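Student: Chain by chain, the residues run as shown.
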Amino acid sequence: MNLRGYILGTMAVNLALFGALLWQGARMPGPGARGGVSITTNIVTEFAAEISPRPAVVSVPGSPPFRWEQIESTNHLLFLTNLLAIGCPTETARDILDARLADDFRARLRELTRPPQARFWHVAAAGQKFDELFDEPELKKQIDLLRAERTRVLAEVQAAAGREAKDGKPGRNEHVAHLSDAKQVELAGLEARQSKERETLGRALANAPPAERAAKQKELRDRVIAERRALFTDDEWDEAELRRSPQASQVRELRGFSATADDLKSLTRTLREFDTAQPRPARAPGDSEADFKSRQDEYEAQRKAFLAARLGAPQFAAFERGSDPRFHTLLKLARRLEQPAETAAHWLALQTAAQEQVRLIRENSALASVERAVALLAIRAETERTLQAAVGARGWGAYLRHAGGWLDQLTP
Amino acid sequence: MRSGLTLVLSLALTGALVAMNVALHHTRQAAPAADPERKLTVTTKRLVRNLPTPPAAVAHTSPPPFHWSALESPDYATYAANLRAIGCPERTLRDILLPDVEKLYFDRKAELADGPEDRFWETADQRDARQRERETKLRSLELEKCALIRQLLGADWSFAALKELRSDGLASGIMEVLLGFTDFGKTEHIFLTHEFFQDEVRAQQRVTEGILLDEDRPKLQALRDGFEFALARGLAPTEVEELRLRLAALEDMKHVQRRNGVAVTGAELREIAKLRADTHDMLAKALNLDDELYPAELQAKGEAAFNELLRRFLGADRFADVERAKDRLFRELLQSTDNQGVSKAALLQAYEARRAAEEQARQIRADAQLSSEERSVLLAALRAQTTQALSRSLGPVGFGAYLKQHGQQFTNSLSLPQAPAGEPPPPLPPLK
Numbered sequence: 014m015n016l017r018g019y020i021l022g023t024m025a026v027n028l029a030l031f032g033a034l035l036w037q038g039a040r041m042p043g044p045g046a047r048g049g050v051s052i053t054t055n056i057v058t059e060f061a062a063e064i065s066p067r068p069a070v071v072s073v074p075g076s077p078p079f080r081w082e083q084i085e086s087t088n089h090l091l092f093l094t095n096l097l098a099i100g101c102p103t104e105t106a107r108d109i110l111d112a113r114l115a116d117d118f119r120a121r122l123r124e125l126t127r128p129p130q131a132r133f134w135h136v137a138a139a140g141q142k143f144d145e146l147f148d149e150p151e152l153k154k155q156i157d158l159l160r161a162e163r164t165r166v167l168a169e170v171q172a173a174a175g176r177e178a179k180d181g182k183p184g185r186n187e188h189v190a191h192l193s194d195a196k197q198v199e200l201a202g203l204e205a206r207q208s209k210e211r212e213t214l215g216r217a218l219a220n221a222p223p224a225e226r227a228a229k230q231k232e233l234r235d236r237v238i239a240e241r242r243a244l245f246t247d248d249e250w251d252e253a254e255l256r257r258s259p260q261a262s263q264v265r266e267l268r269g270f271s272a273t274a275d276d277l278k279s280l281t282r283t284l285r286e287f288d289t290a291q292p293r294p295a296r297a298p299g300d301s302e303a304d305f306k307s308r309q310d311e312y313e314a315q316r317k318a319f320l321a322a323r324l325g326a327p328q329f330a331a332f333e334r335g336s337d338p339r340f341h342t343l344l345k346l347a348r349r350l351e352q353p354a355e356t357a358a359h360w361l362a363l364q365t366a367a368q369e370q371v372r373l374i375r376e377n378s379a380l381a382s383v384e385r386a387v388a389l390l391a392i393r394a395e396t397e398r399t400l401q402a403a404v405g406a407r408g409w410g411a412y413l414r415h416a417g418g419w420l421d422q423l424t425p
Numbered sequence: 007m008r009s010g011l012t013l014v015l016s017l018a019l020t021g022a023l024v025a026m027n028v029a030l031h032h033t034r035q036a037a038p039a040a041d042p043e044r045k046l047t048v049t050t051k052r053l054v055r056n057l058p059t060p061p062a063a064v065a066h067t068s069p070p071p072f073h074w075s076a077l078e079s080p081d082y083a084t085y086a087a088n089l090r091a092i093g094c095p096e097r098t099l100r101d102i103l104l105p106d107v108e109k110l111y112f113d114r115k116a117e118l119a120d121g122p123e124d125r126f127w128e129t130a131d132q133r134d135a136r137q138r139e140r141e142t143k144l145r146s147l148e149l150e151k152c153a154l155i156r157q158l159l160g161a162d163w164s165f166a167a168l169k170e171l172r173s174d175g176l177a178s179g180i181m182e183v184l185l186g187f188t189d190f191g192k193t194e195h196i197f198l199t200h201e202f203f204q205d206e207v208r209a210q211q212r213v214t215e216g217i218l219l220d221e222d223r224p225k226l227q228a229l230r231d232g233f234e235f236a237l238a239r240g241l242a243p244t245e246v247e248e249l250r251l252r253l254a255a256l257e258d259m260k261h262v263q264r265r266n267g268v269a270v271t272g273a274e275l276r277e278i279a280k281l282r283a284d285t286h287d288m289l290a291k292a293l294n295l296d297d298e299l300y301p302a303e304l305q306a307k308g309e310a311a312f313n314e315l316l317r318r319f320l321g322a323d324r325f326a327d328v329e330r331a332k333d334r335l336f337r338e339l340l341q342s343t344d345n346q347g348v349s350k351a352a353l354l355q356a357y358e359a360r361r362a363a364e365e366q367a368r369q370i371r372a373d374a375q376l377s378s379e380e381r382s383v384l385l386a387a388l389r390a391q392t393t394q395a396l397s398r399s400l401g402p403v404g405f406g407a408y409l410k411q412h413g414q415q416f417t418n419s420l421s422l423p424q425a426p427a428g429e430p431p432p433p434l435p436p437l438k
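Going line by line, the protein sequences match chains C and V.
In the numbering used here, each number is its position in the first sequence, counted from 1, plus 13.
In the numbering used here, each number is its position in the second sequence, counted from 1, plus 6.
Extracted from the complex, chain C is given alone in its bound form (with noise of 0.2 Å):
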């Protein structure tokens, strides 16, 4: 008796374990209903991989329960009514229409475009334009056919779900920030109402005379000058002006120098001073090239004379130095390299040691030219050795690849 009591006593306890296994199968996270990739339009192919969703948080009302193909249509027009009518955000209508409308287009282009594809190698081997294998005119008729319906439903779409709007937000202009934010407003306003007027004008003397179209323009051109000068103080006028300077440009672009806003500011100052005083010398009708060089010649010299007594010649020095595009890629290197500036100005120190003992030997009319050769190779031997030591193992090849090029001149 006391074993049938046992018996019935464990099968009770294994039914309720039973239930309790059926419970927490039923309560375990299913793999999630993969949503049907069912495209009523049937145009394209499916790429995306398998991936695996997170189970849908949503509770789908209705009865039976909302489903995607209920607004599913190949008409556009209907299928965006659709979509807003349960509430999609336009933004997001949009850019669902937009992506099916364009992919649509594509796709049917494709079809339309594939049987003269055939061609492809004989045009190709005949040079002509590959515009040409659209060029039958049944294709050509069908295919401006599709673009004219491409225009119509996006305006047709358009209509209803509105364009994109566009970020209109202005770009900041550097050479004013040294103004307020409340003048650089009304500085961007003054500049968009001239541009606008300017506009207009253009269009009222398209047909004019050319006197009076370029006096109007002139008095336009003075009036822009005026109402923009009245904007600003004396100081910040003058601002603006070394700001928008070709010196200043020229100051900015420096690498590998050291300055404050301050120094920046006085050396493009001292530049500008210079250039003013003494203009760069112009190749005048009748100029000989020897002249021509020869007044070149002397004009650097003075700049560099006058620069080095106003920045003193260590300040000269790294300026010269800042100026060159050979530095500019030297320093990239170096900053690779994880080596300080300075390794880069050494590499450069090198190089023009090496360019100015091969322009001596060239020179040289005393050498033969078997000598000019021989020298010219030995330069070149220790030249390579030197900068390969300084260089290191690890960077030598991209030295070659992006700054080595000069070393090739250096053969015979």
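It should be emphasised that the hints constitute simulated quantities derived from the structure, not laboratory data.
What you are looking at is a predicted structure, and each value in this text was computed from that prediction instead of being measured.
A hint or two may mislead.
Output of the computed footprint for chain V on chain C, the stretches with three or more beta carbons under 8 Å from beta carbons of chain V [unchecked claim]:
1) 100-107
2) 317-329
3) 357-363
4) 366-378
5) 392-405
Derived DSS-like pairs: lysine-lysine, alpha-carbon spacing no greater than 25 Å straight-line [said to hold, decoys possible]:
6) V:Lys225 - C:Lys345
7) C:Lys142 - V:Lys410
8) C:Lys142 - V:Lys225
9) C:Lys142 - V:Lys280
10) V:Lys410 - C:Lys345
Every residue gets a Cβ at the ideal spot worked out from N, C-alpha and C, and that includes glycine.
Got chain C; can you put chain V on it based on the hints?
Tutor: This is chain V only, laid out in the frame that chain C set:
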């Protein structure tokens, strides 16, 4: 005895059921932690767009109508799951999520733009350093965006690339021709794959400031190989092959055309493109990585191998045609006198005269012993002599057609360079 056995079996069953219950309980507890999707969504809160107001609930027996707000969630993964749950097609899901994610990251990137401070008088080094720091942050945001898109959509989709492809612009026009051998979906796959890897290459170049160290090569090689692997995932091998051949034909072999005096058929051109693609890495070229991955000597070897294969394929005469077609001087003569009844022999004669004149002009210009006036006189004589030679070879009609199209270049190339304003080069001698 039988009762004992039954009890033992029943107890064994009890043990098994207890074990199964415990195991199932643990699985349920562990399930949420094992879901890798939950990690990223914490950092990418969606900005739910302005929704139209749902209709007010009305007390009636029928269930409320469906409203989009039931799908919306500030968590992208939930939003995507909800859309899938109502059967939204994957492609439409992509077109909903991509612009949404793009706008979110556009705003986050905009926050990294320069503030209103006046930084005009910064040194270039300060400006560069700030720019590099910003680039690093932008790259980090870009990677985060890519990871989110991959998590949501299971692939590396790029909204910008799709927009480019969907536009009516140049890129889509080129794609239409270059990739016309595939279907619509595969064109998309090729274009997006290319854009993705090209972006990766550009990002790498920004990080290295364009300075390539030897140690960078493996990374770039991995990108090139990744590009090939990704292409192969969506294309048949024959399609990858056709892509390589078309790239070769459009990139490197524009001179091998009948228009340039090389008599080839379409089938032959395809064979030549195959020779080219077998001796050059067209996929590296498509990513602008050929110079980075292949040193100049290796590229020269590839070029030499191609030329040898081409010579064998075309034979000596047609190979000579190809070599000539590389020269702009020959192409100008050929194309301008097309349909003027100029024989090939006459054309070759004119070309030799033209080429010789070009070489002589170069020597005259480089001769440091000559004064400017002497150079001018010698070049004028050379011009007159070449004019006569071309006129004789091409005939008056052919030469006239040539001058009409290329007269100015002809005169300039046989004159002193940089003639000062107001002093035009001496006029051509009259035709005899």
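Student: All the hints need checking, so say for each whether the structure fits it.
Tutor: So, going through the hints one by one against the coordinates:
1. For the region 100-107 of chain C, the proposed coverage by chain V is satisfied: 5 residues have a C-beta within less than 8 Å of a C-beta in that chain, meeting the threshold of three.
2. Under the rule that three or more residues need a Cβ within less than 8 Å of chain V, the assignment of the region 317-329 of chain C is violated, with 0 such residues.
3. A stretch counts as covered by a chain when three or more of its residues have a beta carbon under 8 Å from one of that chain; for the region 357-363 of chain C and chain V the count is 0, and the coverage is violated.
4. With a cut-off of 8 Å between beta carbons, the region 366-378 of chain C has 0 residues touching chain V; three or more are needed, and the interface restraint is violated.
5. Counting residues of the region 392-405 of chain C whose beta carbon lies closer than 8 Å to any beta carbon of chain V gives 0, which falls short of the minimum of three for the stated coverage.
6. For a cut-off of 25 Å, the pair hint linking V:Lys225 to C:Lys345 stands: about 19 Å separates their Cα positions.
7. Only pairs whose Cα atoms come within 25 Å are accepted, and C:Lys142 paired with V:Lys410 is accepted, the gap being roughly 23 Å.
8. Of the supplied pair hints, the one linking C:Lys142 and V:Lys225 is violated, its CA atoms being roughly 38 Å apart against a limit of 25 Å.
9. Among the hinted pairs, C:Lys142 with V:Lys280 is consistent with the structure: their alpha-carbon atoms are about 22 Å apart, no more than 25 Å.
10. For the hint pairing V:Lys410 with C:Lys345, the CA-to-CA distance comes to about 49 Å; that exceeds 25 Å, so the pair is violated.
In this structure, the earlier hints numbered 2, 3, 4, 5, 8 and 10 are contradicted, and the remaining ones agree with it.
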